[in-house]
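**Student:** We have chain A; now place chain B with the ligands onto it with these hints.
Residue numbers (the working numbering), protein chains in the order written: chain A, 41 to 364; chain B, 249 to 518.
Since the hints were derived computationally from the structure, they do not count as laboratory data.
In this text the structure is predicted, and so the values were computed from the model without any measurement.
By construction, the Cβ of each residue, glycine as well, lies at the ideal position given by its N, Cα and C atoms.
Wrong hints could be hidden among the right ones.
Below, in silico cross-link-like pairs of lysine-lysine (DSS-like), each with a Cα-Cα straight-line distance of 25 Å or less [to be verified]:
(1) 111/A x 271/B
(2) 169/A x 271/B
(3) 322/A x 285/A
(4) 414/B x 130/A
(5) 341/B x 113/A
For each label pair, taking beta carbons as the anchor points, the in silico distance ranges come out as [to be verified]:
(6) 156/A x 249/B: 28 to 34 Å
(7) 268/B x 45/A: 44 to 50 Å
(8) 448/B x 99/A: 54 to 60 Å
(9) 171/A x 257/B: 48 to 54 Å
(10) 505/B x 257/A: 56 to 62 Å
(11) 104/A x 268/B: 38 to 44 Å
(12) 249/A x 282/B: 45 to 51 Å
(13) 282/B x 109/A: 28 to 34 Å
(14) 251/B x 157/A: 36 to 42 Å
(15) 148/A x 249/B: 19 to 25 Å
(16) 249/A x 424/B: 39 to 45 Å
(17) 152/A x 257/B: 17 to 23 Å
(18) 295/A x 351/B: 53 to 59 Å
(19) 249/A x 249/B: 45 to 51 Å
Chain by chain, the residues:
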Amino acid sequence: MSIIEVKGLTRKFKDLTAVNNVSFEVNRGEIFGFLGPNGAGKTTTINMLTTLLKPTSGQALINGFNAVKDKDKVRSSIGLIFQDPSLDDKLTAKENLKFHAWLYGESGEKMDQRIDNMLGLLDLAVRKKDLVETFSGGMKRRLEIARGLLHYPKVLFLDEPTIGLDPQTRNRIWEYIMQLRQKEDITMFMTTHYMDEAEYCDRIAIMDKGEIIAIDTPKKLKDMIGGDVITLITDNNDQATQEIKNKFGLEVNKKDDGLLITKETGEEFIPLLFRGLSMKVKSVDLRKPTLNDVFLKLTGREIRDEEASTYDKAKKFYKMRIRH
Amino acid sequence: MKKLFKEIYIIWLREMIRYWRTKPRLISSLAMPLIWLVLFGSGMKSAFAIGGGQAGFDFIQFLFPGVIGMSILFTSIFSVMSIVTDRQFGFLKEILVAPVSRVSIALGKILGGSTTAMIQGTIMILLSPIVGIKLSLGLVLAMLPVMFIASIALTSIGLVVASRMKSAEGFQMIMNFIMMPMFFLSGAMFPLSNLPNWMDILSKINPASYAIDLVRQVSFKFMDTPTQVIDLLSIDLFGHQVNLWTDLLIVSVFGVIMVTFGVFLFNKSD
Ligand SMILES: Nc1ncnc2c1ncn2[C@@H]1O[C@H](COP(=O)(O)OP(=O)(O)OP(=O)(O)O)[C@@H](O)[C@H]1O
Ligand SMILES: [Mg+2]
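In isolation and in its complexed conformation, chain A is listed as follows (with noise of 0.2 Å):
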């Protein structure tokens, strides 16, 4: 049974469409994530299943609930990391974790154990009696996933769980995620545009513009690119385009001032392609596809175009978090 069902659902902002008529579902016990560049619409799509935004339109089952008409329930069910910050900088670890645990009507000697071990195993434990202000960002984010999964969730949504991190701190994230999933039963729903993370997720919706474009596992994603990637630069990639495709018959696509082929046995392939080519080839590159081959298949852009301005909201991610 799914235990997150998704039909038609729909949110417009005044005259844009946020999200546009998404239709999915979610396996129990599953990691799934919604892969897209900024403004796809994948925080909205989370507010609408964490009952935090009305749908204009369509439907969300969450843990059998709807997200419209059985809030309360809904909300009992979940666990949400939000993408901006969201702990009381005025109040210690420890203090946040019971003050959540409090909103969700646990307390007691167990509530208290529960706290400690989250504490513990998000190596937070020496920390727990300092206020969240004199705390880094990354065990900011770590006391957020300690408190999301606090409540034993059944569905723990993570938007975005490492944006505005150093990658060292992201793999650490990560381990820890992946270790909490198999001490707890429990299904995630995480957000990401980062490429390598989402290699993570059992399965994958690709999301653009307010639409899932793709969706399956990583690896049946990559499937799709049809072999491994060539990058070659030459003296004339126009006239190298142009013999590629007569010769071999494959599909050029430009890249900077490279050509990108997709090729299976892609090693065996490059002495072929150098001795059926007239001009000089200044450099060749061959690697597995990524997600963000299959991105630019499907759409003709690249999720990366996006990083600059990922970097401009992790920089402001960091002044809230100052600033709070």
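**Tutor:** The following block gives chain B with the ligands in isolation, referenced to the frame of chain A:
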């Protein structure tokens, strides 16, 4: 029902912890009353000593409840700003996504704001001997419930505005806009008698007038103020003198309406 009370308590408790830990706010909220009392009180007293004033009536007896009322007015209304800052800094979402009723959140915030206002008012009463007010247990005990009702009514004005606002700056701007006329036309600093007609009308539709008058009438009871002074100072509504009980009724009814309205607006704002 038990769940509701517990939720309100949690929201209230967090307000109190934050109040205690935000030192600048704490210090200013404790120092302000003292400064007001001493500066206003002493200054006004000397000004009125020149004019003579009513026989047997010390102007400080008029001013003291006014200053308390004013301090309750400002503290109550601005304390609800925490809803706006919670929203601005993302914490409100953490509360909104929990299975907690919106009503509890709003009521918890109102109670939190009223509590801080009452703490401030109580401190001022306890400090009142500095300006020559005779402190009595009766005065303190009678003022507590009065301040409570007044501050709940005033806090809910803040809630009505806060339920919609997205930024603290915006909230402050709108509140200043509302509070300044409310304050000046409330009778806190000068009696509402002999005002020009338009001011007279405004002061009578101003809910703060009755809140301040309520605080004042109650404190008069403990300061052996001459009856003719009380008569002279009380608000005249449709040819009737508003007494303590009418004040209480007006403030309570206003409070109930505003709380309901504020909770309703907060409930609707997603
Ligand atoms: N409250 C709002 N009012 C108006 N427009 C909004 C609102 N919230 C989101 N949008 C718009 O909806 C679109 C989708 O936004 P959303 O936050 O869902 O994107 P996202 O996929 O989460 O992006 P990111 O990776 O930057 O977090 C954007 O164009 C955004 O500007
Ligand atoms: Mg987002």
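**Student:** Next step is simple, just say for each hint if it's right about the structure.
**Tutor:** Going through the hints against the structure:
no., hint, verdict
1, 111/A x 271/B, "violated (38 Å)"
2, 169/A x 271/B, "holds (18 Å)"
3, 322/A x 285/A, "holds (19 Å)"
4, 414/B x 130/A, "holds (21 Å)"
5, 341/B x 113/A, "holds (17 Å)"
6, 156/A x 249/B: 28 to 34 Å, "holds (32 Å)"
7, 268/B x 45/A: 44 to 50 Å, "holds (46 Å)"
8, 448/B x 99/A: 54 to 60 Å, "holds (57 Å)"
9, 171/A x 257/B: 48 to 54 Å, "violated (22 Å)"
10, 505/B x 257/A: 56 to 62 Å, "holds (58 Å)"
11, 104/A x 268/B: 38 to 44 Å, "holds (43 Å)"
12, 249/A x 282/B: 45 to 51 Å, "violated (60 Å)"
13, 282/B x 109/A: 28 to 34 Å, "violated (54 Å)"
14, 251/B x 157/A: 36 to 42 Å, "violated (26 Å)"
15, 148/A x 249/B: 19 to 25 Å, "holds (20 Å)"
16, 249/A x 424/B: 39 to 45 Å, "holds (43 Å)"
17, 152/A x 257/B: 17 to 23 Å, "holds (18 Å)"
18, 295/A x 351/B: 53 to 59 Å, "holds (56 Å)"
19, 249/A x 249/B: 45 to 51 Å, "holds (48 Å)"
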